[in-house]
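The chain contents come next:
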Amino acid sequence: MAKTDALQGSLDLLVLKLLSRRPRLHGYAIMSAIATSSGEVLRVEEGSLYPALYRMEEAGWIRAEWIKKDTGRRARVYELTAPGKKQLGAEESRWQAVSLAINRVLTEA
Amino acid sequence: MSLWSRVANAVRGERLNREIDEEFESHVEEAIATGRDPEEARRAFGSAARAREAGHAVRASGKLEDLIQDARFALRMLIKNPGFTVVVVLTLALGIGINSAIFSVVNGVLLNPLPFPHPEQLVALDESKPNFANGSISYPNFLDWRKDNQTFAAMGLARGYGFSMTGRGDAQQLNAEFISDGYFGVLGVNPILGREFTPADETVGASPVAMISEGLWRRKFDGAKNVMGQTITLDGKSFSIVGVIPASLKLRISHFQASDVYAPIPQWSNSILMFRGAGLGFHGIGRLKPGVTIEQARADMERVTGNLAAAFPEDDRGIGASIASMKEQIVGSTRGFLLILLGAVGFVLLIACVNVASLMLARASGRGREFAVRAALGASRGRVVRQLLTESLLLGITAGVISLLPAAFGLKAALHALPAALPRADEIGLDWRVLLFTTLISVATGLLFGLAPAWRVAKENPQTALKEGGRSATGANQRTLSVFVVVEVAVALVLLTGAGLMVRSLMRLWDVDPGFNAHDVETFNISMPPAMASATPEMIRAKHLALNEALAAAPGVTAVSQRWGAVPLNGEDDQWFWIDGQPKPRNNNDMSWVIDYIVDPDYLRVMQIPLIRGRFLSLQDDERAPLVVVVDEVFANKYFPSQDPIGKRIDLDNFGGKAAEIVGVVRHVKQWGLDSDDTQQLRAQYYLACMQVSDDFLVGMRGGTSVLVRYDGSLGSVIGGLRSTVRRMSNEQVLFGEETMENIVADSIASRRFAMILLGGFAVLALLLACVGIYGVMAYLVSQRTQEVGIRMALGAKRSDVLLLVFKGGARLAAVGMVTGVVSAIGLTRLMRQLLFDVSPTDPVVIAAVCVLLMLVALAACLVPARRAASVEPMRALRTE
Numbered sequence: 000m001a002k003t004d005a006l007q008g009s010l011d012l013l014v015l016k017l018l019s020r021r022p023r024l025h026g027y028a029i030m031s032a033i034a035t036s037s038g039e040v041l042r043v044e045e046g047s048l049y050p051a052l053y054r055m056e057e058a059g060w061i062r063a064e065w066i067k068k069d070t071g072r073r074a075r076v077y078e079l080t081a082p083g084k085k086q087l088g089a090e091e092s093r094w095q096a097v098s099l100a101i102n103r104v105l106t107e108a
Numbered sequence: 000m001s002l003w004s005r006v007a008n009a010v011r012g013e014r015l016n017r018e019i020d021e022e023f024e025s026h027v028e029e030a031i032a033t034g035r036d037p038e039e040a041r042r043a044f045g046s047a048a049r050a051r052e053a054g055h056a057v058r059a060s061g062k063l064e065d066l067i068q069d070a071r072f073a074l075r076m077l078i079k080n081p082g083f084t085v086v087v088v089l090t091l092a093l094g095i096g097i098n099s100a101i102f103s104v105v106n107g108v109l110l111n112p113l114p115f116p117h118p119e120q121l122v123a124l125d126e127s128k129p130n131f132a133n134g135s136i137s138y139p140n141f142l143d144w145r146k147d148n149q150t151f152a153a154m155g156l157a158r159g160y161g162f163s164m165t166g167r168g169d170a171q172q173l174n175a176e177f178i179s180d181g182y183f184g185v186l187g188v189n190p191i192l193g194r195e196f197t198p199a200d201e202t203v204g205a206s207p208v209a210m211i212s213e214g215l216w217r218r219k220f221d222g223a224k225n226v227m228g229q230t231i232t233l234d235g236k237s238f239s240i241v242g243v244i245p246a247s248l249k250l251r252i253s254h255f256q257a258s259d260v261y262a263p264i265p266q267w268s269n270s271i272l273m274f275r276g277a278g279l280g281f282h283g284i285g286r287l288k289p290g291v292t293i294e295q296a297r298a299d300m301e302r303v304t305g306n307l308a309a310a311f312p313e314d315d316r317g318i319g320a321s322i323a324s325m326k327e328q329i330v331g332s333t334r335g336f337l338l339i340l341l342g343a344v345g346f347v348l349l350i351a352c353v354n355v356a357s358l359m360l361a362r363a364s365g366r367g368r369e370f371a372v373r374a375a376l377g378a379s380r381g382r383v384v385r386q387l388l389t390e391s392l393l394l395g396i397t398a399g400v401i402s403l404l405p406a407a408f409g410l411k412a413a414l415h416a417l418p419a420a421l422p423r424a425d426e427i428g429l430d431w432r433v434l435l436f437t438t439l440i441s442v443a444t445g446l447l448f449g450l451a452p453a454w455r456v457a458k459e460n461p462q463t464a465l466k467e468g469g470r471s472a473t474g475a476n477q478r479t480l481s482v483f484v485v486v487e488v489a490v491a492l493v494l495l496t497g498a499g500l501m502v503r504s505l506m507r508l509w510d511v512d513p514g515f516n517a518h519d520v521e522t523f524n525i526s527m528p529p530a531m532a533s534a535t536p537e538m539i540r541a542k543h544l545a546l547n548e549a550l551a552a553a554p555g556v557t558a559v560s561q562r563w564g565a566v567p568l569n570g571e572d573d574q575w576f577w578i579d580g581q582p583k584p585r586n587n588n589d590m591s592w593v594i595d596y597i598v599d600p601d602y603l604r605v606m607q608i609p610l611i612r613g614r615f616l617s618l619q620d621d622e623r624a625p626l627v628v629v630v631d632e633v634f635a636n637k638y639f640p641s642q643d644p645i646g647k648r649i650d651l652d653n654f655g656g657k658a659a660e661i662v663g664v665v666r667h668v669k670q671w672g673l674d675s676d677d678t679q680q681l682r683a684q685y686y687l688a689c690m691q692v693s694d695d696f697l698v699g700m701r702g703g704t705s706v707l708v709r710y711d712g713s714l715g716s717v718i719g720g721l722r723s724t725v726r727r728m729s730n731e732q733v734l735f736g737e738e739t740m741e742n743i744v745a746d747s748i749a750s751r752r753f754a755m756i757l758l759g760g761f762a763v764l765a766l767l768l769a770c771v772g773i774y775g776v777m778a779y780l781v782s783q784r785t786q787e788v789g790i791r792m793a794l795g796a797k798r799s800d801v802l803l804l805v806f807k808g809g810a811r812l813a814a815v816g817m818v819t820g821v822v823s824a825i826g827l828t829r830l831m832r833q834l835l836f837d838v839s840p841t842d843p844v845v846i847a848a849v850c851v852l853l854m855l856v857a858l859a860a861c862l863v864p865a866r867r868a869a870s871v872e873p874m875r876a877l878r879t880e
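Residue numbers (numbering that gives the first Met the number 0), protein chains in the order written: chain A, 0 to 108; chain B, 0 to 880.
This list has only true hints and no planted wrong ones.
Each pair of labels, with its calculated beta carbon distance range: (1) B:A443 to A:E57: 33 to 43 Å; (2) B:L767 to A:K67: 53 to 63 Å; (3) A:D69 to B:K79: 28 to 38 Å; (4) A:A58 to B:L403: 43 to 53 Å.
Rather than coming from a laboratory, the hints here were simulated on the basis of the structure. Quantities reported herein were computed from a predicted structural model and do not represent experimental measurements. Just so it is clear, CB atoms sit at the ideal spot from N, CA and C, and this is done for glycine as well.
Let the hints inform the model, and build the full structure from the sequences given.
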């Protein structure tokens, strides 16, 4: 539970960032990428990831496409759109500002 | 989000769910590929449903989507349960459709039968006489009534007639009415062209004028505007046309019906038209002055007729005016059975509603777990309720649309079976307000009972609901469902009893011997050529004999008789007489009355009426032979009790008091109908030979005659033969108005038959619906008890025990319903006493038969659920929990 709480408000940022680095990831790949690149600290659950993906898709930040996998099953892959890139920039600077502020509070004493 | 993408999203809902599922599957596959435990990977989604619900909420959100999504979901649910859907929709459609059709008829006939301005001011006028409450009005009396009254805005008088029209193609027989001037004004009907008759047209000796119907105007005058002043030749006399009456006039009351031709009364060449004591079949209508009540009019007319009785004691003593609301007169006899029909329809609708309610309730209870799951997944109570509402509405709308079929069909059938005597039958259309109203009622019922369980489940703690599988509410629901079954059985029993009583009445009626053999007897009229208009009595007699001879020679005809007086069940005629040797009564109304049949010697052979004593009329009883009559047994017993009537003499008033000798006695014929003849006052009958009637009477027969023939073989070819026989004699004479005597007998009980057919139809419908209802409820109850049955069988109960258990349950409910139904039926069938004949409203045979039938149907309805219960595998039943 604690792990997901840490993601509160930052899931969009993580997904957008990952997709800007490696386009055309499917849901499971996004989930494992978040886990590995955070050193297994951050873990997003399926129940949160997919609604977030759909929401961002609806907002026009990412777009999805069905591809055929080797197993024959279809997979839905996501990539960043131009508005998504802009949104990523905005989210990144917001995160920087917030974490800077939080660090300042923590180191003040 | 744009409106378009909302709509697109909503419409895509179905595919969306599929895609989401597919994506999740793909995800799980990846997870397994990277070495995760399959079970765990799957569980990671919580429930797929939950993720989907959440995913769907994101991918398709917004009010409009919800609505369309609800509708799509509802549609899917309904399609997934085709049995349920079809039963509910058909039940509703039948209930709504039939109800609307019958209510439309009742509304048209009963509530609003007179399409005229201020119909409440219209009254029917008759003469009340010592022998007849509603006798015909003599023309001189009518003229005085119209002149002397102070309470009527207008009065009219009319009598039906048949004209033979010549000079426009083949000779043709036209329905006509002799009417007083201003007759249509009384009703408030205006000619579409020209004018109505004026007092000048109604004076004796005025030049002949006529009004024609819009139909005749279009048929024979091509709808020409200049028809006014053109002439039309009727019975060889030329009438100038002064007006055209609109086709929208469809009035049909006992002595007036919308016809092709209307002529002023004085144009009727009847030598006794101006006799104050003559009963010539004229009846009147009147319009009360505004604000005048019927009681005031009666008091006024009492004064008028009192004065006339004082002035003309010989003709008018004991004569009063009978005044009745016209609506009352038209509707009076039919109100009872139309109301009974309405009640029956209400019952059918009730059953339909109960059916839908129980189906919805059973289904909603069965879906308790579904609602609980959805509530647990975060669906709000409003969302679930809205979903159910959508389902109910969808069902209601579908049923409403489909109900147009039974409504249209039912209306057509009802109008077809409607006795011809009812007014406005042609104009009655489906009443849309009724259709809408009944649809709303049925849908509301479905909603109410569909929502109740959902509401309760949604309100509960989802946790508890889930644990109990949504079964917590079923105890109450089972009780409600049992009540539904009881109600359905009870109502069906009442309807079946009503229908059973009608069937039995009709069977009794058919068994009534009318006193003659109606089988293979045809009756028709022949109009004489216009040249006969000036025929002498000798010529008419010669024509009469020639006609008999020619018709008897027609192929298939075995016996022929013309008839000029009464005809059984179809035309009354009466005469005055007194016993020879007694003084002639001073007043007509103190004379004895008798139904007179004026016929030919072969009449007994045509009608197959048994001769009891003496002889019947013979060819020797002609104008030169002494006057003889044959009487019926009622006459003999009434006037010559315990004496031999043969050889006795009676003095006939219409022969100027000439004595006639009674030469024979025949069986009584049910002149007034199979059902009511025994209770009529005027029942004595006599038979007189056509050849012996007075010369005055004979000249009245110049226009035409009526004939009865007994035939052998096919009716169609016999009629064809008769037609060509008549034409061969003169191409200016017409055979018309042919009807079989069997039809006349059948028509005499038409309104009872109408009631029987409709009640029978409703009863079958009710039985069907009740059967479906019982089946539905029993099936549901059995499905709820699967576990119990499993335990019983595990504990050693045999399959036959289980079968018995279900049958017993069904039979117990049916029995309770029957007791309720029998009690209600005994209370309600009393109301239909007037429709019954020779059957008690609580006829035990009918009630017993209905109970047996219902019990059989109830058990049949339990059959499938019982077998399903008996086929339960104990182990599986226990494991499923």
